[in-house]
Amino acid sequence: MRGVVVAPQPAAAEIGAELLAQGGNAFDAAIGAAFAQMVTDPQMCGLGGFGCATYAWPGGCEHLGFHARAGSRATPDMWAADFRGRTELGNYTLFDDYRSNLGHTSVGTPGVVAGLASLHSRAQLPWAQLIEPAVKLALDGFPAPEFAFESLRRLPQPGMPSGEQRARCTPDSASLWCRADGSLKQPGDQWANPHLGETLKRLARAGARDFYVGDLATRIADELARGGGYVTLEDLRRYEVRLSQPVRGTFRGLDVRSSSAPASGISGVQMLQILDRFPPLVPEQPESYVLLASAMREAFAARLRAVADPDFVAVPVDELTGGAWADAAAERIRNKATLGAVATVGGEGTTHVSTCDADGNAVALTHTLGIFSGVIVPDTGIALNSGMDLFDPLPGGPNSIQPGKARVSGMAPTIVFDGRRPAIVTGAPGTNAIVTSVVQVIVGVVDGKLTPVEAVSAPRVHCEGGPEGGPEGGPVFVEGRVQRAARDALSEAGFDLRLMPTNYAPGFGRNQLICIDARGDFRGASDPRRDGGMAAYCFR
Numbered sequence: 001m002r003g004v005v006v007a008p009q010p011a012a013a014e015i016g017a018e019l020l021a022q023g024g025n026a027f028d029a030a031i032g033a034a035f036a037q038m039v040t041d042p043q044m045c046g047l048g049g050f051g052c053a054t055y056a057w058p059g060g061c062e063h064l065g066f067h068a069r070a071g072s073r074a075t076p077d078m079w080a081a082d083f084r085g086r087t088e089l090g091n092y093t094l095f096d097d098y099r100s101n102l103g104h105t106s107v108g109t110p111g112v113v114a115g116l117a118s119l120h121s122r123a124q125l126p127w128a129q130l131i132e133p134a135v136k137l138a139l140d141g142f143p144a145p146e147f148a149f150e151s152l153r154r155l156p157q158p159g160m161p162s163g164e165q166r167a168r169c170t171p172d173s174a175s176l177w178c179r180a181d182g183s184l185k186q187p188g189d190q191w192a193n194p195h196l197g198e199t200l201k202r203l204a205r206a207g208a209r210d211f212y213v214g215d216l217a218t219r220i221a222d223e224l225a226r227g228g229g230y231v232t233l234e235d236l237r238r239y240e241v242r243l244s245q246p247v248r249g250t251f252r253g254l255d256v257r258s259s260s261a262p263a264s265g266i267s268g269v270q271m272l273q274i275l276d277r278f279p280p281l282v283p284e285q286p287e288s289y290v291l292l293a294s295a296m297r298e299a300f301a302a303r304l305r306a307v308a309d310p311d312f313v314a315v316p317v318d319e320l321t322g323g324a325w326a327d328a329a330a331e332r333i334r335n336k337a338t339l340g341a342v343a344t345v346g347g348e349g350t351t352h353v354s355t356c357d358a359d360g361n362a363v364a365l366t367h368t369l370g371i372f373s374g375v376i377v378p379d380t381g382i383a384l385n386s387g388m389d390l391f392d393p394l395p396g397g398p399n400s401i402q403p404g405k406a407r408v409s410g411m412a413p414t415i416v417f418d419g420r421r422p423a424i425v426t427g428a429p430g431t432n433a434i435v436t437s438v439v440q441v442i443v444g445v446v447d448g449k450l451t452p453v454e455a456v457s458a459p460r461v462h463c464e465g466g467p468e469g470g471p472e473g474g475p476v477f478v479e480g481r482v483q484r485a486a487r488d489a490l491s492e493a494g495f496d497l498r499l500m501p502t503n504y505a506p507g508f509g510r511n512q513l514i515c516i517d518a519r520g521d522f523r524g525a526s527d528p529r530r531d532g533g534m535a536a537y538c539f540r
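Start counting the sequence shown at 1; every next residue gets the next number (our numbering).
Do not rely on the hints blindly, as some may be mistaken.
Said to hold, decoys possible - Straight-line distance between alpha carbons at most 30 Å, and here's what the computed DSSO-like set of lysine-lysine pairs gives:
(1) 185 with 201
(2) 185 with 136
(3) 336 with 449
(4) 136 with 201
Claimed, not checked - Simulated restraints on C-beta separations:
(5) 180 with 523: 25 to 31 Å
(6) 282 with 502: 38 to 44 Å
(7) 305 with 218: 25 to 31 Å
(8) 73 with 334: 47 to 53 Å
Hint data in this document are derived by calculation from the structure and do not stem from the laboratory.
Bear in mind that the values here come from a model prediction, so they are computed numbers and not experimental data.
Don't be surprised by glycine CBs; every beta carbon is placed ideally from N, CA and C.
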């Protein structure tokens with residue numbers, strides 16, 4: 001079927017396009033690409049991960065959440081006494097022993113296998129056919145790409161474990177990431193994961209259920225128990241995906257639909273609806289950056305106060321996405337009212353795939369390990385998530401730890417409709433910078449009339465707000481390519497400017513964008529940050 005697949009990993013995008021050519025639709029392409037991403041980019045995603053998806057078909061649109069959930073052994077106050085604070089970038093919790101983002105204690109109940117199985121209900125091809133290309137990649141191997149190792153070499157933030165510590169965390173992890181002489185593998189080395197290949201073959205044959213109630217579930221639970229983790233076999237057996245209506249809003253007369261809580265689609269809708277109350281933004285003008293940063297600050301302040309897992313906390317979605325809220329926020333910006341800020345920017349543990357087809361189906365799928373926990377279940381190749389890393393370790397808050405609860409997430413897979421027709425399909429990896437990258441790309445396409453390549457490549461800013469702390473106006477992180485006039489305007493508006501050391505900051509979200517015009521023609525573009533990706537087309 002004619003369509004396009006956009007992903008940060010070229011091999012995954014090509015596999016998705018090949019599935020379209022075999023008669024699959026956008027759902028087949030997204031599922032097959034996601035399994036391939038687990039093989040080609042194993043620091044970012046894996047069978048032990050989690051995520052969410054916003055997807056559309058002619059006449060409908062839904063959101064599927066398959067977030068990691070705290071295990072039943074977790075308690076609200078178990079980490080409170082040892083909590084040291086948070087990182088400046090990414091908002092990760094800090095402990096002397098790294099318990100929330102390294103090792104077995106960092107793992108939440110994984111959901112991605114259940115999520116992909118749920119999406120398969122709208123696919124055309126057999127489940128096994130979608131997994132087979134990933135099996136071949138894992139068993140045959142391939143020269144390791146640069147992007148798969150970039151996070152291993154990056155210096156960690158103060159208080160965070162290094163990539164090498166993650167690679168050597170468990171024997172199975174070390175055997176995957178290290179050469180025979182014990183040194184870390186390097187880009188260009190032959191990369192294969194035969195244990196993962198065999199596990200994928202098993203899932204292709206036995207179905208997703210085996211991951212949660214079969215022998216694979218027992219292996220996962222046994223390994224987590226061995227390392228003092230909080231997830232049990234019963235947690236795996238009870239895991240369920242959450243199906244909901246997407247969060248909705250409007251921008252320049254278009255219908256925006258994005259991820260529901262605990263993901264950050266609410267924040268994206270809020271930002272766009274604030275900007276909708278101002279004239280169209282001109283790309284790279286100083287005033288545009290000030291408005292963008294101000295809208296980001298308003299939305300993140302609301303997220304910190306009110307967005308959490310709706311199974312545990314009443315999230316006032318209608319209020320937060322309503323016109324009155326956007327009116328009040330826009331008025332505060334016009335009056336130059338200020339909020340404090342929590343200084344965080346994106347992290348590195350997520351991936352995304354966007355797909356669409358000629359029948360009007362579209363999928364925006366984000367999945368992640370959080371950050372790779374360093375734990376690989378012995379003899380399975382299953383890399384496990386660090387889904388506990390963004391919970392509030394202090395009890396009593398909306399995002400505090402509770403058994404079965406999902407922590408707040410930056411994921412924002414989004415589809416923008418022009419009438420009943422999907423016009424923009426987008427999403428990104430990048431932790432909290434996911435939603436700000438999604439908003440800037442949509443604004444670039446709609447207001448700036450940018451092409452997809454121009455929109456994902458344009459310079460970006462990132463700002464978060466909160467009800468306390470920080471200097472007047474809050475910090476704004478700025479890519480090195482943002483011109484001096486814009487940087488000066490942000491400083492004059494009261495923002496504490498933080499100039500990033502790179503021109504294409506990898507943590508600023510890596511957007512995977514598809515634009516569809518009124519004739520049904522589509523164009524895709526993969527963000528150039530972190531070595532770029534591919535838009536793979538099927539023209540049949």
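Consistency of the hints with the structure:
Restraint check: the Cα-Cα separation between residue 185 and residue 201 comes to about 26 Å, which is no more than 30 Å; the hinted pair holds. About 21 Å separates the Cα atoms of residue 185 and residue 136, which keeps this hinted pair within 30 Å; it holds. As the CA atoms of residue 336 and residue 449 are separated by approximately 28 Å, the hinted pair is consistent with the 30 Å bound. A distance of roughly 9 Å separates the Cα atoms of residue 136 and residue 201; the hinted pair therefore holds under the 30 Å criterion.
For residue 180 and residue 523, the hinted distance range of 25 to 31 Å is not satisfied, since their beta carbons lie about 45 Å from each other. One distance hint, 38 to 44 Å for the beta-carbon pair residue 282 and residue 502, is violated here, with the actual separation near 25 Å. The hint said 25 to 31 Å for the Cβ distance between residue 305 and residue 218, and at roughly 41 Å that hint is violated. Between residue 73 and residue 334 the beta carbons are some 50 Å apart, a value that agrees with the proposed interval 47 to 53 Å.
Hints 5, 6 and 7, counting from the list given before, are not met by this structure.
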